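Student: Here's the letter readout for the chains.
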Amino acid sequence: MAKPFTDYLVKLHKDDAELARFKKDPDACVASAGLTKAQGDALKSKDQAHIQAALNVEHGSTVQFGHIELTLKALIDRLK
Amino acid sequence: MPGSLTCVGVGIQFGAHASMGARRSIAAADKVLHLAGDQATAAWIDELNPAAESLHGLYALDKPRIDIYNEMVERIMNFVRAGMDVCVVTYGHPGIFAYPTHEAMRLARGEGFPATMLPAISAIDCLYADLGIDPGTNGCQCYEATDFLARRRVFDPCTALVLLQIGLTGDFTHQDVYALKGYQVLLEVLEATYGPDHEIVIYEAARFPVCDAVIQRLPLSKASRARILATSTMFVPPKGPAPLDDAMLERLGLSAESRAQK
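Heads up: the sequence lines are chains G and V, in that order.
Each residue of the first sequence is one higher than the one before, counting from 1 in our numbering.
Each residue of the second sequence is one higher than the one before, counting from 1001 in our numbering.
No lab work stands behind these hints: they were computed from the structure.
What you are looking at is a predicted structure, and each value in this text was computed from that prediction instead of being measured.
Using N, Cα and C, we set each Cβ at its ideal position, and we do this for glycine too.
Do not take every clue at face value.
As the list claims (entries may be wrong) - Stretches of chain G that chain V covers, calculated by requiring three or more beta carbons in the stretch to come under 8 Å of a beta carbon on chain V: (1) 12-19; (2) 29-42; (3) 48-60.
Same shape as in the complex, but just chain V (with noise of 0.2 Å):
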């Protein structure tokens, strides 16, 4: 028996968003591992594939999130080296803030195994959906929080800022409550840069259908009153359009009216 590996998502509300391709995969699977975002969307994936099975159980509290996700590795890869054909699944998108599928992929493909990722919706879709930004006009920088803080990360104030986990700012275990220690050091980062006056976005995702996306809009200075979640990811609009370089749109041979448009 060949085995392969099958990494899908199925968005943060299933209904509307896990593609034809992802149900397919489901499916079709001999065995679904699955990492579903609750159980109501672990039920659905047990419909479509009874062979279907939680990854939640080798979560633990306290342990380091990085043995977790190897773990995860581990138990997919046995399968696939089993000879099955595996589906893993994912809320959101599988590939976005998902180390075990993108380490099982390398694994996969490097022992010879067909492997396959399908694009789903992530909550960064659906933020720019609800908070009706356009990536294309003044561009996106896209952080996991504690990576942002712990680099240094360099950032352009010109250009939007999307902070992702920042309920789990400087915590690198497994909790079933974050004591959130680490969001007041982003706060006080960002406002240095960004001013106390500065409006964010602290936004969750609606993940069942009869709930609307939670948008909490106020001033750095007053985000720490925030409520904050484990699903909560930050929008910090730009400062202002970034300047025009005169000497680049020469390059380009860009006419006055062009810059104007700009």
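In isolation and in its complexed conformation, chain G is listed as follows (with noise of 0.2 Å):
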């Protein structure tokens, strides 16, 4: 099943030219992603929890992943 949320993510962590990209025009880069607008959301609050809960959602888990955020049941919430 395809995960673009979770698979931008890794780009964004592998390719500088993508985060150079990103930090000038999110708007343009989540759109060419395919990312939901919830999604895009996420990633462009630059709020960990929020991003965190975004690939949460995706991956239609509430379980701790790591060090969950104590505000996530909430933004969980709110995302969906």
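Now that you have both chains on their own, put them together as the hints suggest.
Tutor: Given below as structure tokens:
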């Protein structure tokens, strides 16, 4: 099953040029990566809890993954 | 088949922090077992080695964390004993706040299997970089927050103090949301030594490349208002420089000039 948000985060970790493009024009990058509005908003927020919540939604999981944010439940509810 | 164990960490952000040695160890292993910090890191580990498997499935709510960790050790050792070259991957440093890796290393070596741990970048390393702290200047004390309180650790207020897992203070079980029940106690203990106006830092390393580290600076008297996460670390700067010991300086043969430099 495709996981565009996860795949795009992996790309941002690995590809400095893509990270630079995102910092310059996040809307264009979000669109070309095929992300939903909620996923794009999470990424553009630069908020770690928000991004983690979007990952959890994409993976259909509220299970703690590594170090979870204490506010995660509320954020997941917001993204649904 | 001989079997072996290699423990590696991928840092807080794998793209920027994972070493070549860690990448090679992951790619070359017969079996990879990981505790990735998030699903993107897990996906990257899967790319490097399709035989990767998460250990996160062993977590269960309300279960004592030590029981979960021991199950992880058993899972790791089952593959090593089966003769596989096993690579265990953690976020951060594989040997910092990582009981399962240390215990698996101890068991593996005790049973005659080759076992290696590669160093990696931990949250503390990120803290030094982001806050501009040099532990060589005033020294540095580092404790897990619950251990710091429960054992009434004797600490030096003239030395920097790092307290890890402050969001889990007073809780030995695994939860998806921690109640921060011990955090207020921690603040009271610190305030008794440092006073209410002493400024501390609540720190969270940047986990994703688009994010900055989260740095909250506030006096101890207002630290209860801080946003505390399970990943939060508290940095308590020293109250001031530690006094020099003239008798020791004499014994060391240090000059008046070197005293002045200190």
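Student: Determine for every hint whether it applies to the structure shown.
Tutor: Verification of the hints:
no., hint, verdict
1, 12-19, "holds (count 4)"
2, 29-42, "violated (count 0)"
3, 48-60, "holds (count 8)"
Checked against the numbered hints given earlier, this structure breaks only hint 2.
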